Amino acid sequence: GDSVTQMEGPVTLSEEAFLTINCTYTATGYPSLFWYVQYPGEGLQLLLKATKADDKGSNKGFEATYRKETTSFHLEKGSVQVSDSAVYFCALGHGGGSEKLVFGKGMKLTVNP
Amino acid sequence: GAVVSQHPSWVICKSGTSVKIECRSLDFQATTMFWYRQFPKQSLMLMATSNEGSKATYEQGVEKDKFLINHASLTLSTLTVTSAHPEDSSFYICSAAGQGQETQYFGPGTRLLVL
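Residue numbers (this note's numbering), protein chains in the order written: chain P, 1 to 113; chain C, 114 to 228.
Derived by calculation from the structure, the hints in this document are not laboratory data.
One or more of the hints may lead you astray.
As the list claims (entries may be wrong) - Computed list of chain C residues with no C-beta within reach of chain P, every gap over 12 angstroms:
#, residue
1, S122
2, S128
3, G129
4, V132
5, Y149
6, L157
7, L159
8, D178
9, K179
10, A185
11, T191
12, A209
13, G220
What the hints assert, rightly or not - Pair by pair, the computed Cβ-Cβ distance ranges are:
#, chain 1, residue 1, chain 2, residue 2, range
14, C, T130, P, V11, 22 to 32 angstroms
15, P, E16, C, G174, 39 to 49 angstroms
16, P, G95, C, D140, 30 to 40 angstroms
17, P, S58, C, S196, 30 to 40 angstroms
18, P, G95, C, L139, 32 to 42 angstroms
19, C, F152, P, E42, 33 to 43 angstroms
20, C, S131, P, S85, 17 to 27 angstroms
21, C, T195, P, A53, 41 to 51 angstroms
22, C, G129, P, K56, 36 to 46 angstroms
23, C, S196, P, D54, 42 to 52 angstroms
24, C, S131, P, E16, 26 to 36 angstroms
25, P, E99, C, S131, 41 to 51 angstroms
What the hints assert, rightly or not - Just some of the chain C residues that point at chain P, by a computed CB distance under 7 angstroms:
#, residue
26, Q212
27, T216
28, Q217
Owing to the predicted nature of the structure, the values given are computational and were not obtained by experimental measurement.
Where is the CB? At the ideal position from N, CA and C, for every residue including glycine.
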């Protein structure tokens, strides 16, 4: 069946540091890939997505590229801020995002000033 | 963006009792709602998918008689954990998607502790 493997944290970075969160997947067919973020006390929010190979999703300075050859969708940000402290989930689905999703375990990021 | 709420945010109950968790879409009509559960340091696992006015579709291994899901209106779905036991203690999260929406919106979750 489908599965998602992502870096496990927690991770602590200083403000303005570079961030990479690795995510790889196993799936049948050609899934869509997502990154969700959960801020303290809130529900998961869609951060970005890519629906086909070589697509790049981007939002709020975060980027991730759908790499079919390496079955990966790594999340990157060049300069993190304290406000980026949250839990990040990689996920896959077989649609645009309103279908059932398979999630990774999530990674907690703390950014210190 | 669209808002989904859950109530209660946390609940403690005695073993053998039933607990109901509500999931509401506050500013859109949710044709589909999903229920997930999350154990500590584990990923969100889909329990079931419910469409308004239809019976829920449960994932393999999820007991439908234990986790009763009702989606009677376009803004409300409920999950009832019947005869709860300590192993049912978990974090339950719902999400909702409206017709034509390309994403689903998540509630903040409900933490259940069964003593």
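Going down the list of hints, with the structure as the test:
With 12 angstroms as the threshold on Cβ separation, the claim that C:S122 sits away from chain P is violated: the shortest Cβ distance comes to roughly 9 angstroms. No beta-carbon of chain P comes within 12 angstroms of the beta-carbon of C:S128; the shortest separation is about 28 angstroms. The claim that C:G129 lies off the interface holds: its Cβ sits roughly 30 angstroms from the closest Cβ of chain P, which is beyond the 12 angstroms cut-off. With a minimum CB-CB distance of about 20 angstroms to chain P, C:V132 clears the 12 angstroms threshold, and the non-interface call stands.
Not every C-beta of chain P lies more than 12 angstroms from that of C:Y149, the closest at about 8 angstroms, which undercuts listing it as non-interface. At roughly 4 angstroms, the least C-beta separation between C:L157 and chain P is not larger than 12 angstroms, which violates its mark as non-interface. With a least CB separation of 5 angstroms from chain P, C:L159 falls inside the 12 angstroms interface cut-off, contrary to its annotation. Taking the minimum C-beta to C-beta distance to chain P, about 21 angstroms, the non-interface status of C:D178 holds against the 12 angstroms cut.
Interface exclusion of C:K179 from chain P stands, the closest Cβ pair being 20 angstroms apart, more than 12 angstroms. The beta carbon of C:A185 sits about 20 angstroms from the closest Cβ of chain P, which is more than 12 angstroms, so the claim that it is off the interface holds. At roughly 17 angstroms, the least C-beta separation between C:T191 and chain P is larger than 12 angstroms, which holds for a residue marked as non-interface. A beta-carbon of chain P comes within 12 angstroms of the beta-carbon of C:A209; the shortest separation is about 9 angstroms.
Residue placement check: C:G220 does not keep its beta carbon more than 12 angstroms from all beta carbons of chain P (closest about 5 angstroms). With their beta carbons about 39 angstroms apart, C:T130 and P:V11 fall outside the hinted range of 22 to 32 angstroms. At roughly 45 angstroms, the beta carbons of P:E16 and C:G174 sit within the given window of 39 to 49 angstroms. Taking the beta carbon of each, P:G95 and C:D140 are about 23 angstroms apart, not inside 30 to 40 angstroms as hinted.
As the Cβ distance of P:S58 to C:S196 is approximately 47 angstroms, the hint placing it in 30 to 40 angstroms is violated. Between P:G95 and C:L139 the C-beta distance comes to about 24 angstroms, which lies outside the given range of 32 to 42 angstroms. Distance hint check for C:F152 and P:E42: the Cβ-Cβ separation is about 20 angstroms, which falls outside the suggested range of 33 to 43 angstroms. Roughly 37 angstroms separates the CB atoms of C:S131 and P:S85, a value that falls outside the hinted 17 to 27 angstroms.
The hinted range of 41 to 51 angstroms is satisfied by C:T195 and P:A53, whose Cβ atoms lie roughly 44 angstroms apart. Here the CB-CB span from C:G129 to P:K56 is close to 52 angstroms, at odds with the stated 36 to 46 angstroms. A hinted range of 42 to 52 angstroms for the beta carbons of C:S196 and P:D54 is consistent with their spacing of about 50 angstroms. About 50 angstroms separates the C-beta atoms of C:S131 and P:E16, a value inconsistent with the hinted range of 26 to 36 angstroms.
For P:E99 and C:S131, the Cβ-Cβ distance of about 30 angstroms falls outside the hinted range of 41 to 51 angstroms, so the restraint is violated. For C:Q212, the interface hint is violated, since its Cβ never comes within 7 angstroms of a Cβ in chain P; the closest pair sits about 9 angstroms apart. Restraint check, C:T216 versus chain P: the minimum CB separation of about 4 angstroms is within 7 angstroms; hint holds. Because the smallest distance between the Cβ of C:Q217 and any Cβ of chain P comes to about 5 angstroms, under 7 angstroms, the interface hint for this residue holds.
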